[in-house]
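Using the sequences plus the hints, can you model the full thing?
There are 2 protein chains.
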Amino acid sequence: MRYILREDDDVPTPTIFTEMDTLQREGDELEWKESARWVKFEEKVEEGGERWSKPHVSTLSLHSLFELRTCIQTGTVLLDLEGYSLPQIVEIVIKQIEEGMISPDLRDKINFVLLRKHRHQTKKPIHRSLADMGKSGSSCSEYSFTFYQGSSCSSLSLQLRNKFMKKIPRDAEASNVLVGEVDFLNKPFVAFVRLAQATTLGGLTEVPVPTRFLFILLGPQGKAKSYNEIGRAIATLMVDDLFSDVAYKARDREDLIAGIDEFLDEVIVLPPGEWDPKIRIEPPKKVPSAEKRKSVFSLNEVGLMNGTAGGGGGLSEDEEIFCGGLYLDIKRKLPWLLSDFYEGFHIQSISAVLFIYLGCITNAITFGGLLGDATDNYQGVMESFLGTALAGTVFCLFGGQPLIILSSTGPILIFEKLLFEFSKNNGIDYMELRLWIGIHSCLQCFILVASDASYIIKYMTRFTEEGFSSLISFIFISDAIKKMVGSFKYYPINTDFKPDYVTTFKCECLAPDPSDSFRNMFLNVTALDWSQLSKKECLKYGGSLVGNSCKYVPDLALVSFILFFGTYSMTVSLKKFKFSRYFPTKLRKLISDFSIFMSIMTFVGLDMLLGLKTPKLIVPTEFKPTRPGRGWLVMPFGKNPWWVYVASFVPALLVTILIFMDQQISAVIVNRKENKLKKGCGYHLDLFWVGVLMAACSFLGLPWYVAATVISIAHIDSLKMESESSAPGEQPQFLGVREQRVTGILVFVLTGVSIFLAPVLKFIPMPVLYGVFLYMGVASLSGIQFWDRIKLFMMPSKHQPDFSFLRHVPLRRVHLFTLIQIMCLAVLWVLKSTFLAIIFPVMILGLMVIRKMMDWVFSQHDLAWLDDLLPEKEKKKKDEDKKKGKEKDKDKDKEKKKSKAEYMESQWGAYCQHAAARSVF
Amino acid sequence: MRYILREDDDVPTPTIFTEMDTLQREGDELEWKESARWVKFEEKVEEGGERWSKPHVSTLSLHSLFELRTCIQTGTVLLDLEGYSLPQIVEIVIKQIEEGMISPDLRDKINFVLLRKHRHQTKKPIHRSLADMGKSGSSCSEYSFTFYQGSSCSSLSLQLRNKFMKKIPRDAEASNVLVGEVDFLNKPFVAFVRLAQATTLGGLTEVPVPTRFLFILLGPQGKAKSYNEIGRAIATLMVDDLFSDVAYKARDREDLIAGIDEFLDEVIVLPPGEWDPKIRIEPPKKVPSAEKRKSVFSLNEVGLMNGTAGGGGGLSEDEEIFCGGLYLDIKRKLPWLLSDFYEGFHIQSISAVLFIYLGCITNAITFGGLLGDATDNYQGVMESFLGTALAGTVFCLFGGQPLIILSSTGPILIFEKLLFEFSKNNGIDYMELRLWIGIHSCLQCFILVASDASYIIKYMTRFTEEGFSSLISFIFISDAIKKMVGSFKYYPINTDFKPDYVTTFKCECLAPDPSDSFRNMFLNVTALDWSQLSKKECLKYGGSLVGNSCKYVPDLALVSFILFFGTYSMTVSLKKFKFSRYFPTKLRKLISDFSIFMSIMTFVGLDMLLGLKTPKLIVPTEFKPTRPGRGWLVMPFGKNPWWVYVASFVPALLVTILIFMDQQISAVIVNRKENKLKKGCGYHLDLFWVGVLMAACSFLGLPWYVAATVISIAHIDSLKMESESSAPGEQPQFLGVREQRVTGILVFVLTGVSIFLAPVLKFIPMPVLYGVFLYMGVASLSGIQFWDRIKLFMMPSKHQPDFSFLRHVPLRRVHLFTLIQIMCLAVLWVLKSTFLAIIFPVMILGLMVIRKMMDWVFSQHDLAWLDDLLPEKEKKKKDEDKKKGKEKDKDKDKEKKKSKAEYMESQWGAYCQHAAARSVF
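Chains A and B supply the protein sequences, listed in that same order. The first sequence begins at 1 in full-length UniProt numbering and counts up one residue at a time. The second sequence begins at 1 in full-length UniProt numbering and counts up one residue at a time.
For the record, the hints were derived by calculation from the structure and aren't laboratory data. One or more hints might be untrue.
Treat identical chains as interchangeable: a pair holds within one or across any two.
[What the hints assert, rightly or not] Here are the computed lysine-lysine pairs in the PhoX-like style, where the Cα-Cα straight-line distance is at most 25 angstroms:
(1) 576 / 791
(2) 798 / 167
(3) 535 / 551
(4) 417 / 832
(5) 117 / 551
(6) 225 / 678
(7) 498 / 482
(8) 798 / 249
(9) 286 / 54
(10) 575 / 536
(11) 285 / 54
(12) 551 / 678
(13) 624 / 551
(14) 95 / 586
(15) 578 / 798
(16) 286 / 589
(17) 586 / 798
(18) 673 / 575
(19) 639 / 624
(20) 673 / 278
(21) 613 / 498
(22) 333 / 483
(23) 489 / 613
(24) 589 / 223
Right, here's the structure in full:
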């Protein structure tokens, strides 16, 4: 029967909105009252509630479908009727059935009933619209009912204001279902009408959508429920993608019936003993598209396709010219240049910028402090801020993947530390040496770019990627907690304190022993008022602190904990708030988007309220190098012997490998197929700019920067887009990420001007920022399949969620895979705690080797579900699949032919007789 | 067609367990492999997962049901076959079809195939069972497959060990579905067999359940999927309550087909465009019972019945003799006497006892302290403990509702305060006056009991009940928070503290001015080492505290907050843990049951670890009256003039009303129909014992006790029972409450011996207990419809949950109802903050009056959904309903007759032809 559709399959038919009105007696008058509507799912007018039900899946009875079939078989079917008004259409319809079927005097009665006014369900209370009706008779009231034969007055403009209209696609056409019981008929009167042109028939429909289809069912009294069910059945059919196509293209009654039969074939049946028909089924997350239903896909094939796709993020090896990769990256990125900017203007960007900005400056301060310690302030907090701002802005402006956030990372820090020690011990100028390493490394990066070395990322499968990102997340989490625990050490609590003995707790600064004549020589001890000195001053001047409260700091540790934990848990709760039932969806989304900002504000406020001296965020306020001796530019020559310039090639190699691996794995994680990025990746371009920035930063004496995994993930998470649900009840779909350069640039510009923001930033307590870090770490773990699989260990198999890989891979293989990953992670964790931390990013190579070895332990089938296939294997698999696919197609063709041959067999009469017994006809 | 069932409807048929095996080729051998099973819902063997899927609702295709129908129509149907072994049964089955249908040489082949061995899905990994198979050939392996023609060896004992067996009812019988494709047939071979006796056919079934039904479908190759679907269809039918009845009682093929047709009539159809058939539908919370499906109930009727039922908790006014209520209460309670004790022995009771015990002693200490203040220690903490123990134990032993927990309440406290002041000011002996009030009040209670005054509770509808209990919950919550905030006042934080200037923070005790000669006369000031004195001592001896740390206490307030909030939120999280996926259900339930205990232990542990001087729970350790002057017994005569004995009748009246209202409303809340109590209520008996205890406590000089709403609700909540789900996938149902006297008695006995537990109890910090109180308050709010309705204010109507009252009552009426409740609550809250708090319980009467007035504002229909109906209205309504019901029944009868008359009409042929086109036959 597909031929009905195939004829002109290329013309898409409009979406259909269905409204069902039932005939009801209000006082003495009959009227059509809206009882349900369908955009895609059913919304019902609640009996006494005067409210719309939630959109739900229409559960029909088989019986009503069969009765509907009879209706179409026996009733009036008018296709492509030229109609311009309801009275005229009704007249034609009634004329059609006149031929002896019903007595002529019933004609007027039917006509009268069909032209009764329509009352639509609105948000306003019904008693008011009733009052209005009484007042204005048959004219228009403020609320959306309409008496057809009256004028249509301003109702159209009222309808336009209807908020619901937004949920209906612009091209939509309406199908109106009218069912009711009347006292003058003894046989049902049925008509199915398709108009030649969609026409707005006055106030027939609650929204200003032109009507294309009309289904009328009037029948004798006592069967209202059955009529209702038949009405629901045709309404459900009309919004079905396939049947509506049929309805548009049907040439005769038989086509329609064939459409119903096709529908019946695909129908999903729930046994009455296992499901309560009163339960309203919530719309599913996803429904099979009409396209899919037209073709035939088995679960298995679709699943496997999902399993094997992606991984490489869209890299192709086709063109192998010099700098081919870089060229392709630029070619890929150029067309998006404009949209990279204007797409950034969205409210969501604000929250993303604030969130990432706070993450960046906290990071800059932390690493700046550490670098300062490690390099004797050659690079300090000031350099860290400047470097972050410079590198970040340039990368976000020109990089291949502007969603990546550059930051200092641990391995680089360790390298700088070792390098500084080496220079100091060997009398080599550190800054100059560092400059040369930067230059070499930059050149090496260019070589890697030119040789398209970034294609190695194809071997970074989910296994490698998840292992690395989990590890970085763990480091984030453990750092946040360590810092928190540290504050308990920094502000020790006096657990021996007894409130009543407050008098015995003191800390006094005692003047040093006057006999210590050496010190006395330099200092006029007696001139000092020792009791007025602060702790630091006291120690500085050689005094000693005596007393049982000297080592303790009250309250600060506990307040820090409250701020830390409060910020974290409030952020988590507000993020979850999106899934609650309170407040309109948009407000909820806003709260969820700004959750981090709101939490920070709340706890900064709480901290200010308490007024305790919690450690605060302090940014440098003066624009000058941290170390007084150095300038803003490093000169390449003059301080070191010439061979150092050449020999620095060797340490540069290590730096290059570090940077390459760290940068590319983070990029792979950002370009993950789950993120649904549309603008493609730019691994070669990324690396090119990282190289350029290496050199630039080396000249300016600023730290080196590379992609930061966790902050980049946080960046992406804060820019995720969801579809605004179109049809009521349709679940919002994850559409992708707001890919643009604006947020990144703003973050780094803000970082740069933070020096001027110091008066504001100094109110932010550090524990609040550690809370944000904890949240970042935890959030970047969620949604990782590895993490889901770890959770499986703790779940009895019957409670495990219905992951598709669980349907296809035996549980113990899944566990084995997870265990290997956990072991790898444990080894990495141990290694990163030793001096090997410097080659930490290189360990990704180790992960990739282990992944390769897993090809021997796991079947390709299992790996396709749990991981991605490695390139060569993938190719083979695809070839095989193709072959299989062709064979399958052949089989399918055969089947189809067979079924047509068997078409005329009929063995079903008996059930149908039974069903007929309960028919209304 | 119901006549098949009606013939002997009284004989219940066994439950059916269905196993479906499909024919598969393992290497060279054919074998039957279990592919799905049904107890009530479907469990499928996952393709590659070697695991059982979660139980889910079987979603069938309409097509497969029609094909099944054809199978039964055209295949072999053997009913009441005398079979004792599979070979014999198979032989008979094959003999049946031999008549020309298939060639004789196929006979052996079919026989061979049907006797292949069966492999069942077990928990063990399949590769091991394969290894075992290789080793032992056709003998029995450890895993549950069986080669039929081999010996059945010990497989039965193995089967018995099968844990799954617990999920199948004892009387169950099996139906085995065998489907498969073979190369030698060109037409399907179908057989449906019912054995005369259920017989264990070797290892045909995975569990040792005797087989009653066999469905065999063998067909030509290429249609395995269709056969599978047909198999699933018959399997689903077999576990359907109604169809399995039909299958047991069918006399011929036509009966079976009629059964299928009935099933088809009731089937629920989901449109293909709105639902994805791949989604596995979780079993619903409740499915319509077979009984319901047999009769016809409309949603409306059922709903309204639920709406009007209950409220009174089962009180009847039938017998109106003297003390009739009390007599009935005792008559109702006596039969449960034994079970009241043995039903208490359950692990859940332990957690309940610990929880309520902690609540009770915290309450006893709080009220004891307040009473001590109010009565100049005539009644103190010691009396409070003793009284709680005595009153509680007696009430739980003999009371009508032993789930009620007695406690001191606010109004009584205020009354005692006023009474003590009055006595002191007028020179009347307080204890003696109090004794007489107690005696009078006791007698008045007896009069109320004898006159069956407790019937007034019929007028306490949901409106009153929820208003009162919400208010008490709010008081609990606000008290807990107040106490917490109080600790910030009690332990002020020094917000000016600067860690570096610790040297300047001190508090010194300075000796008083020596010139204050008056003091010097009494005290040898110089003999004291003023710097060694504690704060209290210093002030005592007239010293003055000087220093900037005197008024502050570090850390304690913040630690208290962490303990308070931590206990509360950990309890909430652990309670919720029951709904997580981790760990087996039983462990989760245990964790949830012991959540409060675990939280308390955790935070007591944390407190010990920190070692700070947080305020601890201190119980009296010596058994003696708090006030030294008084003994354990109050003498009735001698201290006051005679008229006081008589006049105390008047204040006693107030006390009686207080007690009566407070006791009965709490009892109504406990006896709420939502709690599904089975042992009935005992309002009269309750009041009787409260009266007796009034007198007893008065004689002993102990506080008076009355039912405590929040703690009683907590008691009930901690004793709730849920069904262990029988069929896999069936949701556990709330069964009721563990009604017994053991937990109550234990709680109060423990309270009594708390004096000896002081060494243990002193480790419990008070903030932890305030956390428990907060939890109690919040928990008793949840599940209250009033609270649900308040939440509705904040939800856009499309996100509101599908409450049944929302389907029937317009939203603005619901909101109006809620608003009235909120206003009543606000008024009560204000009143209880004034001196009117003393008549607080009497305000329930006010609520009842307002409820009565609401009859004018709301329709009875709305009130039935939002509240309960008041007695007289309820009666009327019921009468009306009855009338309507009768009329409806008449209509229904007519309809049925009609439908039978129309039986033979048949208009369905065409769809059925279409369906046949895609048939496998």
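Now the hints, each set against the structure:
no.	hint	in the structure
1	576 / 791	both (20 angstroms within a copy, 18 angstroms between copies)
2	798 / 167	between (39 angstroms within a copy, 14 angstroms between copies)
3	535 / 551	both (10 angstroms within a copy, 22 angstroms between copies)
4	417 / 832	within (15 angstroms within a copy, 69 angstroms between copies)
5	117 / 551	neither (86 angstroms within a copy, 79 angstroms between copies)
6	225 / 678	neither (50 angstroms within a copy, 39 angstroms between copies)
7	498 / 482	between (29 angstroms within a copy, 24 angstroms between copies)
8	798 / 249	neither (48 angstroms within a copy, 35 angstroms between copies)
9	286 / 54	both (17 angstroms within a copy, 20 angstroms between copies)
10	575 / 536	neither (44 angstroms within a copy, 50 angstroms between copies)
11	285 / 54	both (15 angstroms within a copy, 19 angstroms between copies)
12	551 / 678	neither (57 angstroms within a copy, 63 angstroms between copies)
13	624 / 551	neither (36 angstroms within a copy, 45 angstroms between copies)
14	95 / 586	neither (51 angstroms within a copy, 70 angstroms between copies)
15	578 / 798	between (29 angstroms within a copy, 15 angstroms between copies)
16	286 / 589	within (21 angstroms within a copy, 33 angstroms between copies)
17	586 / 798	between (36 angstroms within a copy, 13 angstroms between copies)
18	673 / 575	within (23 angstroms within a copy, 38 angstroms between copies)
19	639 / 624	within (23 angstroms within a copy, 91 angstroms between copies)
20	673 / 278	between (40 angstroms within a copy, 23 angstroms between copies)
21	613 / 498	both (23 angstroms within a copy, 7 angstroms between copies)
22	333 / 483	neither (41 angstroms within a copy, 62 angstroms between copies)
23	489 / 613	both (16 angstroms within a copy, 20 angstroms between copies)
24	589 / 223	neither (46 angstroms within a copy, 49 angstroms between copies)
When each numbered hint is compared with the structure, violations occur for hints 5, 6, 8, 10, 12, 13, 14, 22, 24.
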